[in-house]
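First to last, the protein sequences are chains A, B and C.
The first sequence lines up with residues 1 to 289 when you count with the numbering used here.
The second sequence lines up with residues 290 to 630 when you count with the numbering used here.
The third sequence lines up with residues 631 to 953 when you count with the numbering used here.
To be clear, the hints were calculated from the coordinates, so they are not data collected in a lab.
Worth double-checking, as some hints may not be accurate.
[What the hints assert, rightly or not] Just so you have them, the derived chain C footprint on chain B, three or more residues with Cβ under 8 angstroms:
{"id": "1", "region": "471-485"}
{"id": "2", "region": "493-506"}
{"id": "3", "region": "533-544"}
Quick caveat, the model's predicted, so the values are computed rather than measured.
Each residue gets a CB set at the ideal place from its N, CA and C atoms; glycine is no exception.
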Amino acid sequence: MKALGKRLSRVGAYCRRNPKLVSGASIILTLVLFWLIGSLLLSPTRAQPISGLPDQSPSLRYLLGTDNNGRELLAVMVVGTGLTLRIGILAGVIGLGIGIILGFLSGYYGGLLDTVIKGIVDVLLTVPPLAVLVVIAAVIAGAMTLDSMIVIVASLSWMLPTRTIRAQVLTMRERAYIQVAKLSGMNGLEVIVKELMPNLLPYLAASFVGATAASILACIGLEALGLGPQSLPTLGMTIFWAISFSAMLRNMWWWWLPPIIIIATLFVGLFLLTAGLDEIANPRLRRKM
Amino acid sequence: MTVLLEARNATKVFSSGGFFKRKETVALENVSLSIKESSPSITGVVGETGSGKTTLARLLLGFIAPTEGKVLYKGGDLQRMSRDERLEFQREVQVIFQDPFEVYNPFYKVDHVLTTPVAKFHLARSKTQARKLIEHALQAIGLQPEETLGRYPHQLSGGQRQRIMVARASLLKPRIILADEPVSMVDASLRATILENLRKLNQKFGISLLYITHDLTTAYQISDNIIVLYQGSVVEVGDIELVIKNPQHPYTQLLVASIPVPDPDQRWGQDSATVLVSKTPVKVNRGCKFVDRCPFGMPICGKDPPPLFQTDGYRAVRCYLYKDASVIAGNAIGKDVGPKR
Amino acid sequence: MKADILQVRNLRVYYQTSLGPLKAVDGVTLSLKPGERFGLVGESGSGKSTLALALMRLTKPPGYIEGGQVLLDGLDLIKVSENEIRKVRLAQIALVPQGAMSSLNPVMRIKAQIIYGIRDHLKKMPGSALEERMHELLAKVELKPEMANMFPHELSGGMKQRVCLAIAISLSPKVIVADEPTSALDVVVQKQVMLTVGQVQESLGVSILLVGHDMGLMAQFVERIGVLYAGKLAEVGSVREVFKEPLHPYTRLLIACPPSLEEKGQFKGIPGLPPLLLNPPSGCVFHPRCPQTTSRCSVKIPSLKEVYPGRWVACHLYTEVKR
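Excised from the complex, chain A in its bound form (with noise of 0.2 angstroms):
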């Protein structure tokens, strides 16, 4: 128990001198509490058209006011951010995934392996990923459905955490610890979970939130276009509504703002949270623990 205290208090003190992480943590705490909470409180069929009076300005019947088509906003946003956020984590665990298991491959056992995987990902980051997205997402057009939403996005989000770790174990393969374990009788794969990943795990971290943010900066642009699964009260789905019904032009800010704010939170979120990830993993920015 005493060592659990002095455990949490030394994560309390850490905690005091890297405040980014903290902020970052806690403003993404907060919109998942947001969503949480929101989910309890408000029945989500109230975030569907058709569920109140429609184009009603903020009450205390309609906290947030209604759309053009009759779905309450503030039950949008709630849903919405809901949906964010799951994009977001999926898509970031399946490119971090994809990015975990090619860069440690091609950084530990180096060769052709290494110089096939790294001359995709470089050709691959040349590509426009908006571009490519909307290009696929216009094909598939009627049947996005927020799964291949994910699988599409994730499916370019995967090159830069790959380069990043693989960049990482290049530098730490030649270390003299990972000798020692060769010498002590690890084969490839035990050295590779065993050595090399916990001590990247700050930058595993890093990459995962990374992924995140890419992830979901590029569905929200796919859906502000109107690319995105058109029957989900997406936040970006919700701004090209707000678009096509041109709520700016009728004033209806709290169509428009809302979702806006959501996700400039959620931004400033997770780049302060990668700052601060940044903190632990570069140990020149790190002050002493």
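Could you slot chains B and C onto chain A? The hints should help.
Positioned in the frame of chain A, the structure of chains B and C alone reads:
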């Protein structure tokens, strides 16, 4: 007389540069040495930067392959070992590295470097037995398990960390320990204990030691025989007392003369041993590598590399000054130039 | 009796940590005469590098100078303004730092780096005069003139060290502080570089404070020696006297440590571990490892006393000589 680890005329050339400007560096040239099973000895390998001693270590461990020549373990080529042979090799040949900090994975406690080989080489049948084995090894080195186990590397001193590495090497009861500058990054006051530990490993357990260093004095204290490397070639080899007390190769003489003796009454003179420019203005392409710094340079030195001449019962020198002595055939060192005992 | 060119009085340099101040240098007093070679020997953690930087007032946070005086020809370097100390550095007191070879700017040619320092101090000097001076300096440290146009990576370790030496003497300072200048060099190059340093010192008449851990090097090079342990001086005296008759038990062990080329023998070390500077032992900081410790040693901190003329020891085994 089984030969355990052997390098036969090993040469290693590193090529660098791009497609058009390939640069070739000869890191090691025609080096032979052998460590036998029956007479566990301590062999010092002394050389400065660029001498090739690190390359030699990596060749002997199989981390790199020789460009020419072979490196053999129990007669088998290191580069062509099966998985089982490799495991046996790893168990019987252990290493102690120079940097006592870099060898530890900062994520784990120091126990990790001790428990991993025990597990991988099946040295114990249960966790308690493993723990006992580790504690014994630490105590044999003079460390208290309570003070060292359970700590992170940065919580221990360099000397302690290095001693844990020695304990790790002894755990596996190897036949050969390759120590690459084991004390150069450790404080002078702690060096003695580590060197004493290594010496005990040799005497008590019959482990042969290859002590690689640039420090001639510690090499003298611990080794039975010595190999002096200069720019990738063996310039002098043999019994340590002979080589140190009566160095014959001009480079060995230079090395011995350059060591700062801790006696204010024996100061360095402005002697000729620090000659920077040679007497033979020959571009060294073939020939002895030391010729541009050698005060005794002769015309033949610039033309052909000298072979090893055996000048004493247990010593050989690669220098034309001794061309009247008999040449050791094929650079073979071993039977003729071995430890006294 | 010439006046001391450098006087360090009760210098204290601490490091700020979350667990309190770490006393890296705790009350060091020593003096240097003009043209003298003084060696400060200590192991890692003794505070010698901290001391060397503090003399130049180059201590970086979390380190800070807690107190004391550093009198260079009467001028207290600790108290002067930032502007003043910048004029003094290089011109009056120069540093050859540890790892000097990697402190050369890799993208500047050698000649530019040497001129850089001079130009900052002697702003009025014309370009041609600077070039000439630069060539003079290269010759003094036995480097060929064509090396002026080279980049650091084209030079060997020994040559780079000579460049650092050339920079240090460029303004003919009164004192040069050399912090382990040869620790990364091979033993043959070390001898060559140290002999050059010696020649330069003699021809310029500059005082040298050589900081290091190699007792052999100290014996070969310095005239007087101070032994540093855990931030405090244990013993000071002429190098011959200290080696022939070491007074402080730590000095005795230090001298016995290095193995010799004379004969094979037992390896001698110093038992125990270096002290934790955050929580040093009570009384004499060496007493847990001392073979001659008495009951007084764990209670009272011994002060540095002059037991013979010119011989100082901080140990309860010795009493002060009555002058």
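Do the hints match the structure? See the list:
1. 471-485: holds (count 9)
2. 493-506: holds (count 4)
3. 533-544: It holds, with 3 qualifying residues against the three required.
The structure agrees with every numbered hint stated previously.
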